[in-house]
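Protein chains: 2
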Amino acid sequence: MADSWVNSGERLGADLHLELAGTGGKRAALITALRDAVRSGRLTPGTRLPPYRSLAADLGLARNTVADAYAELVAEGWLTAVQGSGTRVADRAEPLTRSRTPKKAPGPPEPRHNLRQGQPDATSFPRADWLAAARRALNVAPHDAFGPGDPRGRRELREALAGYLARARGVRTSPERIVVCSGFAHALRLLFPAVLSGPLAVESYGLAFHRSIFTTARVETVPLALDEKGAVVEDLATRNVLLTPAHQFPTGGPLHHDRRTAVVGHVRASGGVLIEDDYDGEFRYDRKPVGAVQGLDPEHVVYAGSVSKSLSPGLRLGWLVLPEHLVDAVLAAKGEREAWAGVLDQLTLAEFIGAGAYDKHIRRMRQRYRRRRDVLVQALAERAPHVVPTGVAAGLHAVLRLPPGTEKSAVKAAAWQGLALDGLAAFRHPAATMSTVDGLVVGYATPPEHAYAAAVDELCRALPPA
Amino acid sequence: MADSWVNSGERLGADLHLELAGTGGKRAALITALRDAVRSGRLTPGTRLPPYRSLAADLGLARNTVADAYAELVAEGWLTAVQGSGTRVADRAEPLTRSRTPKKAPGPPEPRHNLRQGQPDATSFPRADWLAAARRALNVAPHDAFGPGDPRGRRELREALAGYLARARGVRTSPERIVVCSGFAHALRLLFPAVLSGPLAVESYGLAFHRSIFTTARVETVPLALDEKGAVVEDLATRNVLLTPAHQFPTGGPLHHDRRTAVVGHVRASGGVLIEDDYDGEFRYDRKPVGAVQGLDPEHVVYAGSVSKSLSPGLRLGWLVLPEHLVDAVLAAKGEREAWAGVLDQLTLAEFIGAGAYDKHIRRMRQRYRRRRDVLVQALAERAPHVVPTGVAAGLHAVLRLPPGTEKSAVKAAAWQGLALDGLAAFRHPAATMSTVDGLVVGYATPPEHAYAAAVDELCRALPPA
Numbered sequence: 001m002a003d004s005w006v007n008s009g010e011r012l013g014a015d016l017h018l019e020l021a022g023t024g025g026k027r028a029a030l031i032t033a034l035r036d037a038v039r040s041g042r043l044t045p046g047t048r049l050p051p052y053r054s055l056a057a058d059l060g061l062a063r064n065t066v067a068d069a070y071a072e073l074v075a076e077g078w079l080t081a082v083q084g085s086g087t088r089v090a091d092r093a094e095p096l097t098r099s100r101t102p103k104k105a106p107g108p109p110e111p112r113h114n115l116r117q118g119q120p121d122a123t124s125f126p127r128a129d130w131l132a133a134a135r136r137a138l139n140v141a142p143h144d145a146f147g148p149g150d151p152r153g154r155r156e157l158r159e160a161l162a163g164y165l166a167r168a169r170g171v172r173t174s175p176e177r178i179v180v181c182s183g184f185a186h187a188l189r190l191l192f193p194a195v196l197s198g199p200l201a202v203e204s205y206g207l208a209f210h211r212s213i214f215t216t217a218r219v220e221t222v223p224l225a226l227d228e229k230g231a232v233v234e235d236l237a238t239r240n241v242l243l244t245p246a247h248q249f250p251t252g253g254p255l256h257h258d259r260r261t262a263v264v265g266h267v268r269a270s271g272g273v274l275i276e277d278d279y280d281g282e283f284r285y286d287r288k289p290v291g292a293v294q295g296l297d298p299e300h301v302v303y304a305g306s307v308s309k310s311l312s313p314g315l316r317l318g319w320l321v322l323p324e325h326l327v328d329a330v331l332a333a334k335g336e337r338e339a340w341a342g343v344l345d346q347l348t349l350a351e352f353i354g355a356g357a358y359d360k361h362i363r364r365m366r367q368r369y370r371r372r373r374d375v376l377v378q379a380l381a382e383r384a385p386h387v388v389p390t391g392v393a394a395g396l397h398a399v400l401r402l403p404p405g406t407e408k409s410a411v412k413a414a415a416w417q418g419l420a421l422d423g424l425a426a427f428r429h430p431a432a433t434m435s436t437v438d439g440l441v442v443g444y445a446t447p448p449e450h451a452y453a454a455a456v457d458e459l460c461r462a463l464p465p466a
Numbered sequence: 467m468a469d470s471w472v473n474s475g476e477r478l479g480a481d482l483h484l485e486l487a488g489t490g491g492k493r494a495a496l497i498t499a500l501r502d503a504v505r506s507g508r509l510t511p512g513t514r515l516p517p518y519r520s521l522a523a524d525l526g527l528a529r530n531t532v533a534d535a536y537a538e539l540v541a542e543g544w545l546t547a548v549q550g551s552g553t554r555v556a557d558r559a560e561p562l563t564r565s566r567t568p569k570k571a572p573g574p575p576e577p578r579h580n581l582r583q584g585q586p587d588a589t590s591f592p593r594a595d596w597l598a599a600a601r602r603a604l605n606v607a608p609h610d611a612f613g614p615g616d617p618r619g620r621r622e623l624r625e626a627l628a629g630y631l632a633r634a635r636g637v638r639t640s641p642e643r644i645v646v647c648s649g650f651a652h653a654l655r656l657l658f659p660a661v662l663s664g665p666l667a668v669e670s671y672g673l674a675f676h677r678s679i680f681t682t683a684r685v686e687t688v689p690l691a692l693d694e695k696g697a698v699v700e701d702l703a704t705r706n707v708l709l710t711p712a713h714q715f716p717t718g719g720p721l722h723h724d725r726r727t728a729v730v731g732h733v734r735a736s737g738g739v740l741i742e743d744d745y746d747g748e749f750r751y752d753r754k755p756v757g758a759v760q761g762l763d764p765e766h767v768v769y770a771g772s773v774s775k776s777l778s779p780g781l782r783l784g785w786l787v788l789p790e791h792l793v794d795a796v797l798a799a800k801g802e803r804e805a806w807a808g809v810l811d812q813l814t815l816a817e818f819i820g821a822g823a824y825d826k827h828i829r830r831m832r833q834r835y836r837r838r839r840d841v842l843v844q845a846l847a848e849r850a851p852h853v854v855p856t857g858v859a860a861g862l863h864a865v866l867r868l869p870p871g872t873e874k875s876a877v878k879a880a881a882w883q884g885l886a887l888d889g890l891a892a893f894r895h896p897a898a899t900m901s902t903v904d905g906l907v908v909g910y911a912t913p914p915e916h917a918y919a920a921a922v923d924e925l926c927r928a929l930p931p932a
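Heads up: the sequence lines are chains A and B, in that order. If you're matching positions, the first sequence starts at 1 in our numbering and goes up one per residue. If you're matching positions, the second sequence starts at 467 in our numbering and goes up one per residue.
These aren't lab readings, by the way, just hints derived from the structure by calculation. Please note that a few of the clues may not be correct.
[Unchecked claim] Calculated pairs, SDA-like style, for lysine to any residue (alpha carbon to alpha carbon, straight line, at most 25 Å): (1) K26(A) x H723(B); (2) K826(B) x N605(B); (3) K408(A) x R211(A); (4) K695(B) x G77(A); (5) K26(A) x H827(B); (6) K360(A) x R602(B); (7) K695(B) x A67(A); (8) K360(A) x T123(A).
The structure presented is a predicted model; accordingly, all values stated were derived computationally and were not measured.
Just chain A, with the same shape it has in the complex (with noise of 0.2 Å):
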């Protein structure tokens, strides 16, 4: 078609009276019909235009109207007008793809099933109860919720924020002191190193992507040991720590009273931190509900939390409990305009929060949660007695230790049959010295409900033999 319109004012001309028609301003659809011809590749680059009298005359137009748009398209660069030479569709590069197929290295199977830790299950988002809290806060919100946004986020959601964490988790806030991210990860990122600067402590096994986030921030980690009390901090050399209380990650057991006390007397005497990554805290199944390490000293805690578990990874919304004195340090990090968490999201779950769906959906995944962890329990009782789980009073995973030496050849076995899993070395600090411990880190909240039991089904398959 392009051929044809090259010395062909009549052609061009009928072509463009099909995009003219119905539209508003003339001049200004006629240059969107030969931007658009350009785009598309309709009209390639060197092709010639008819005289601006002749397109006039062809499209019953003002000449001036068309000399206006050729104006208009140079000025833009689609066209060049040459003196003496007309005007030319200008040179520019071909029309665009992007097409990468990812290479398909040899290997074990597509896996399929997921029972990598640490996704909620997704099927399970309360659509309908999120919509009404999104209605809800639709209708109450303030004008002012639409403009730039207060970077501690909006104050509705860390008021509902501090309720709920001091009724669920035993956190003594007030609002001020609570801070939207978007997060942990986030929260690392605004705490480090613009706020607290290391060597800081942190547990011997965690997840390898907060290690990544120190090392960007040129924060140097020194590994904790852990044993049956959780992770060894009474002789911590630097003045922060950050540790996963709750619910150790990932081995799963909780930070031994006289272990909590240890921490906290320590950063106290110090004037360090102790960063609380309380990132499954809500899930609890058997007799203790351990309360958040915040609660002892809220000025030597800083206390994160979000509902990447509870809710979904994909609504990028957490927060900070903070000690007074890094409050102004931390919204400095965060930057003033950038309020990041979405403000609609954050309404919503004021509302959410506000109207008790959260405890409900809360109470409804704990229940479905440790159906799993029951079924995933007794399989492993009945098909492979030799393989104990650990961690499991608590969370979204659990952790099937292994004789020493066989983790690897485990993680390997289980691709080969399908499944999407870590091993424990997955975890490890690189700087480590405590011995190695073998196991499966296996999350059962990730598949959906309809395939779990398949997937708890190969799992046993896939275990080492006695």
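Start from chain A and add chain B according to the hints.
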């Protein structure tokens, strides 16, 4: 009330009876009630609790239940158990508040009208249409939307944006080259220093906030002079350039065709990129629509836009349209797991665009802002004809040019008149060498509709006499 508990098991029992009534597990309820009593200050630090046998008798609970509850609260650090001295409330920090009354410095009154640039009219957020889009989005979202998410952003939104930006702004791209982010500042933080390096040519007048991002990223910026054709780009000394081609911020003119050609030619020859900050490209009132420079050479232009001016800065939604060779680097900078923008807002915006609600809203706001612009221009013509409004063919702000040396006192006069606005000096690059321009930057979108006429009236009063 705390006093009465110090040595009185009866009284503690009586109070707790109330709190235990009607709740679930006795042990958990007792733990919660005691924790609440400590947290609220009803049980003060040092208070001795009744022996567990007495409390058990008072409450009609099994002794083990109370002993367990005490042990748990000791483990959590709320209580301390000292051999021979019974169980006491642990020492803890006092209840929390954060009372900081902002210091009121002597000076002009609190502004009655906000004429600062940069914000859309917060009263005009299309709540009903947005809610309708959110409902559709929640209805049709696949389950994986609630999983961890694609770091580029949801495909639905990137597809909607590719279509919209081609149609409205002449941007040539495919969804694969779009990366959703939280706004232009976030875009800059993604690009510098991880993806692009300095020195970077910038316009001599621009947002100080953006310059501070470069300072933090240790990226040197080199100011370009501005003249009647926009930024002077004929003799660039840096590979990379950041411009606001559609509507120079804040002085207001479009980049001239020659300059568009020159800057594209430069980045093509230097192997650099132009970063095109299309912050208010949709709001053009008079005859000339100016397409995005990106359409001229998508492989050498990084196009950045957001909903911050068109809908609300509170949504924290923006986008980068990238040359192919930068996509992977930007995704790496964004971080594997941090999608940043909430998935529901992304899906809602995709529906909002797809349903034509975005175009409708833009049209409505364009009319409203054009009316406001006209009111401002007419008021100045009548009441301060010596003050020339410039940059008014587009955007959400005007620059009122002032005689040399009068800007500072005009800003001060406006503040005393109860108007919040900035002079051009606030936007000038500290290393700029072009001659100083005196002027007021008047954001006419910010005041609510009902207050706009009064704001313009006050502005006319505050202007320096001819």
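Hinted pair K360(A) and R602(B), Cα distance within 25 Å
24 Å, holds
Going straight from one Cα to the other, do K695(B) and A67(A) come out at no more than 25 Å? 21 Å, holds
query: Regarding the pair K826(B) and N605(B), is the alpha-carbon distance no greater than 25 Å?
result: Holds: K826(B) and N605(B) sit about 23 Å apart, inside 25 Å.
### Query
Are the Cα positions of K26(A) and H723(B) separated by 25 Å at most?
22 Å, holds
Hinted pair, alpha-carbon criterion (25 Å max): K408(A), R211(A). Please report holds or violated.
Distance of about 22 Å is within 25 Å: holds.
- Query: Regarding the pair K360(A) and T123(A), is the alpha-carbon distance no greater than 25 Å?
  - Reply: Distance of about 16 Å is within 25 Å: holds.
Q) Is the Cα-Cα distance between K26(A) and H827(B) 25 Å or less? A) 23 Å, holds
Check whether the Cα positions of K695(B) and G77(A) lie no farther apart than 25 Å. 15 Å, holds
Every hint, counting from the list given before, is met by this structure.
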